[in-house]
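K.L.:
In case you want the letters, here they are:
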Amino acid sequence: MRFTLSWLREYLDFESSVDDLCHKLTSIGLEVENCINPKKDLEDFVISEIVGIEPHPDADKLKICNVNNGSKLLKVVCGASNVKKRMKTVLANIGCIIKPRKQNEFKIKKSKIRGIESNGMLCSEEELNLSDDSHGIIELDQKCKVGEKFSDHLSDENVEIEIAITPNRVDCAGVFGIARDLNAAGFGKLRKKKINKVKSIFKSSLKLTNTLKNETCPQFSIRQIKNVKNPQSSNAIIKRFKGSGLKVISSLVDITNYLTIDYCRPLHVFDYDKVEGDIKIRYSKKGEKFFGLDDKEYILDENMIVICDEKKIISLAGVIGGKNTACDHETKNILIESAYFSPEKIASTGRKLNITSDARYRFERGIDPKSTIDGIELASEMIIKNCGGEAGHIISDSIESEFNFEIEVDIDFFSQILGCEIDKTTINEKLLKIGCNVMDCKKTIKVQPPSWRPDIKIKEDLVEEIGRLIGYEKIQAKEFKLNNRFKAKVTSQYQQLRRQVRELLVSRNIMETISWSFSNKKWERELNLNNEILEITNPISSELSCLRTNLVGGLLDIINKNNNKNIQNISIFEMGPIFKGFKPGEQNDQLTVVRSGKANEKNWTTDNRDFDIFDLKSDLFNVLRLLKIPLQKLKIKPENKKYYHPGKSGLIILGEKKIASFGELHPSIAKIFKIKNITCLFELDMTTTLDLCKEKSYTKKQLTKSVFQSSVRDFSFEVDKNLLSIDLVNHIKNIDKEIISSVKVFDNYEGKDKRSLALEVIMQSDTKTLVEEDINKLSKKIIEQAGLKFNAKLK
Amino acid sequence: MNHNQLIQSALNEVERSNSIEDLELVRVKYFGKNGLITQELKTLSSLDTDKRKELGAKLNNLKKNFFSSLEDRKNKIESSEINLRLRKDFLDSTLPARENNLLEAKIHPINQTINEIVSILGGMGLMYEEGPDIEDDFHNFSALNIPKNHPARQMHDTFYIKNEEESYVMRTHTSPVQIRSLKKMPLPLRIFAPGRTYRCDSDITHTPMFHQVEGLVVDEEITFANLKWFIDIFCKTFFKKENLKLRFRPSYFPFTEPSAEVDINYTNESGKIILGEGTKWMEILGCGMVHPEVFKMSGIKKKVTGFAFGMGIERLAMLKYGMPDLRDFFDSDLKWLEHYGFSFLEETDLSWR
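Chains as they are written, first to last, in my numbering: chain A, 7 to 801; chain B, 149 to 501.
In isolation and in its complexed conformation, chain B is listed as follows:
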């Protein structure tokens, strides 16, 4: 076989190959260790200079052509193999995703609401304080200017703990944290205290356990006008309603004087409550200027004034998020929790991090 025939047959064989394996055989046949062209190349050294140059160039050119068409052929075969596989492969993409749970877990709306309150009040400069669920008479009543036999005690249907010693109660409000904070922390004082509270009452609008948040700001020159400003900012921020109207009306709490209850405006459109619109009022929280007796009972001797406020967390949540029934919060129906609960990624704030 002369060189030209050899070249031609090598290129032809590449073109005729139909698989990667065939191609490899062709490569080995011509360019393997003992390949036909490898052999030829080995003979080059025995030739004289001119002939060697001529043949060398020819064979090198052939090598270049061979490998380039080999590469082309290889790509062709591979892409036709992919096409073939694509024609065969099939997965029903409408099958369900790899998801193993019926229900999506959520943060309980009470804790979500507390988190929001922490963010707002924290941002307004108050510190997160806590107090015990069981209280003594002093912190729950006496220190808050609610002596025994005071009619105000009737407003609290108190749970008592059975024991031989002095009477302990389930705290009826978060206000005892006011006393505990005033006793242990330096002035000026700015705190808030969310938590569980208990009253011996159970109907559509009452559960024996519920949540409140208490706020207390004490300094040298805190006024009722400051209280109004503070509550206004809180309510507008919490409900995300810039136009929310607030109504302060005189009320009575033994531990504040003067005392006020705060209403916000709303309208009722075909059974749906819309806050910040309309002329109806609904009560949202109680507040007032700290009663001097509270300071006295907490051992505060410095001349200070302050304001305090307290509100029901369930009520805030229901008004903001529209849960219709208070009792559902503690019924732990998983469908309810999934529906009214919150993703763990929701609403974060600097106060928390």
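Chain A with its partners taken away, still in its complex shape:
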């Protein structure tokens, strides 16, 4: 909320500086977001007169002004269209700092503009941060004296303060309320708002029916005023509105807007001559149409509060008025409306129709329900003063407002929550100052909050009031005992392993990335393995319209974006959530590593091969080893998800569960993501895998070593092209589990129709040293079995 200093001064007497005021506002919870104090910033700017104008020889739009600044005549180049001789305006001398509202600040220097020397700058309101107005330079009254400081001509109406109001503090959505709160906190002296009763001259024949008074519109009042004029508002109002960021419309409308900001009392005026018959307040029916003051047509839902005459809806209660009964400069007879609506109702209406207005803002936060009649009187007085006319009597169809509840609270409760001693006198005094009724019951107090503080409902709210008004800075920080029981286990094994996996991958020179949890329909169509696409109802853009079901899309997109920046050889990973359903908890942590391009940057020592699936398999197995997954228990199947190369990928199965997959990216997916380099990846379901991890035990198993010598034999077999090496290896291992301790493929040669595989077999016994005869016997068996089972021929 934005207001000028002089507006605040109408209700608060104080001598303190603007800085002190801002500090106090922030410390009581009305955070100052912006404070523009041109009186302080514009001390060096001088009132000057343009005594002569010459055209610029090199530019049609520029003029050379002879400017009298009170002490000498200066030549100043100016591009404003409104310069004229004898005009009084504001000059920024050499050395002045300009702080425009919309641009960065700069210092005035002596300079040449298209070859002509300029000794200063003539300024617009925008350039002096006085308003958004940048059309032309400031034109001052002829009475202003040349040579005087411009800042002396500025008033408190030029000091703008903008505060952020938290949703609970609707009472401060009015300048008077802010003054009231400052006063309660001991800042300045409050001047009470005077509310005069305006005498009614005639009795209006209008009838009012409020069908919702027992539901969502307990208070509704109107007053007719006839024979008004509706000119432009006075200069004083216009100046105040400018400084407070309000739009000037016409006297009648400006007055209601004024009271909205001044007294937090939203009102509405209808042009009575456009109202047909009597007034009724009712709920809307589904599909009813309404044309708002914002020139937009709205199709209403059922059960929105509407104000109607006998023919039409004339206002969407508490949100926006209707175009059909709007006041204009021809308006002669009006109705003023003042009411109290249910905050929830206004909020839901505003939200459904997506209308924001100053009225909605206040009604949905809950204005003072006892301000209905006051609002009418205040508006009547201002209207009659500014627009003339005669007031009719106030017509109401309301129920008595219920606002008489009590909070009983232990005196000790305040110090129990705040953690500092607060005496009863202070509590009583502060609560009285914010308008509460306080009844002293020795150990407790009974408190009735004022009608304008709907946010004070429970005793904790009272504690906040006390804390806020004495100042949070006055509450001394106090150490408390941290129970050691909690120190035992800060992080779970799962969390620790997740961190270790990250570090392992980075140590293997794979960059960690974080990408959106979102995906889009295009990616999901290609990469989603379920049939269900998880869509966001209100996505921020079509690129982020779904939830991701794997990390592949995001990572491939990163590869593509970095390829475009000419980084070709890329290793990246992400560990993060993927979604399996739309319910809470239907998500898994997934790890995906992608390597794309060459395994090595161009260099003089090693070859320039592409990344292949065995790089990724190695990354994957290192992760699994870190997770203490028994590698020998893994099953590897040469099949995979649809976005892998069908011939160059593998699936990793532990027990019954598919925990990981690795392989080369399917060429058609690479094409979709515009990736030209060979790209390989692996995906590991962290949640499932870590569930299979056993709790880490700190004592290690005893190391067992055979004392007998081991023997190594190499075998080279010629096999079928599509034989899986792992089948051969596993088979050989099982020939004699006691003695064969390891079987390793150490060479693979792809021939035309056949392949040759070279295996290294290590034999070792726990009970004796193997002799030549044992070894030969076993070797013979290996060759025999490989031939029988796999048609493998020894080479």
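Just so you know, the hints here were simulated from the structure itself, not pulled from any lab data. Built from N, CA and C at the ideal position, the CB exists for glycine as well. Treat each hint with caution, since some may be false.
[Stated by the list, open to error] Pairs of lysine-lysine, DSS-like flavour, derived with a Cα cap of 25 Å:
| id | chain 1 | residue 1 | chain 2 | residue 2 |
| --- | --- | --- | --- | --- |
| 1 | B | Lys181 | B | Lys212 |
| 2 | A | Lys480 | B | Lys181 |
| 3 | A | Lys586 | B | Lys332 |
| 4 | A | Lys329 | A | Lys302 |
| 5 | A | Lys527 | B | Lys181 |
| 6 | B | Lys483 | A | Lys682 |
[Claimed, not checked] These stretches of chain B come out as covered by chain A in the derived footprint (C-beta under 8 Å, 3 or more residues):
| id | segment |
| --- | --- |
| 7 | 387-400 |
| 8 | 480-487 |
Following the hints, position chain B against chain A.
P.N.:
Same frame as chain A, now just chain B:
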């Protein structure tokens, strides 16, 4: 040849040898199986005792001298061979090291910051908790005292999930973890919960996804004064500034009462923000005493009090490490990640091990 001549010629030949191979030939010539001196030694047994003694001593002495000068010669030849090789060998040591990567991989600054937070809050006795990214209305709003149509909901631009059943949302804050922890864990409770959060907002200072960390301390006599102490320690430790000033100012969150926002002091020196100096204030986190409604909605019947706080992780990282633009965190420019990321060896702590 008499013995003396034999001795002399043997030693001469050693001296004249110019390679290890020549030396070996000399050794074989005199001391091989059928070497000249070996032969002589073989004849010793046929001599009488006195002569045998005399000649034996002489020949043994010769053997000693021979092998000692052989060894000397061998060392000489070897070192001259090394010198020769050194004169010939050359490798351009200014060639690049055997390093295959253009970029150095790093831990993402978000995770580094989370790790630091885990270390500090863990050290202060809080446990690391987590919650789901998709939440139901109860945990994200109602249980946190944010009923439907409450203006506070407007502060959260919520993403909704499309489905026929009741509405699910992308969590707008990490606060739902407060509810989940209160429901499942025994009292007293001390937890923190970092994680992804989502709001339907995108501009210079907002991304549709970002990270928060939530903290919750519940016990029998926790006060606002305790909250002030706790936040003070956290901020000073995190920013590594002993002199950091904190300002608590009243604010509003539906799930805390009283509520506060915390500012830290800074100064702006030619565009560079220096924390802990100067008189300007910048907002860093929100906190407050847990609202009784939150306890009620979480099924807590015991009389307890507690405090909660929440802060943006990107903001903490930007202030501590100086990244200028929020949007870069999720843009995954590899040069940015390398520059602003962290070595995997950086900052470890007992809370983690």
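K.L.:
Now look at each hint and say whether the structure bears it out.
P.N.:
Verification of the hints:
no.: 1; hint: Lys181/B with Lys212/B; result: 17 Å, holds
no.: 2; hint: Lys480/A with Lys181/B; result: 105 Å, violated
no.: 3; hint: Lys586/A with Lys332/B; result: 24 Å, holds
no.: 4; hint: Lys329/A with Lys302/A; result: 9 Å, holds
no.: 5; hint: Lys527/A with Lys181/B; result: 91 Å, violated
no.: 6; hint: Lys483/B with Lys682/A; result: 20 Å, holds
no.: 7; hint: 387-400; result: holds (count 6)
no.: 8; hint: 480-487; result: holds (count 6)
Of the numbered hints stated above, those contradicted by the structure are hints 2, 5, listed in ascending order.
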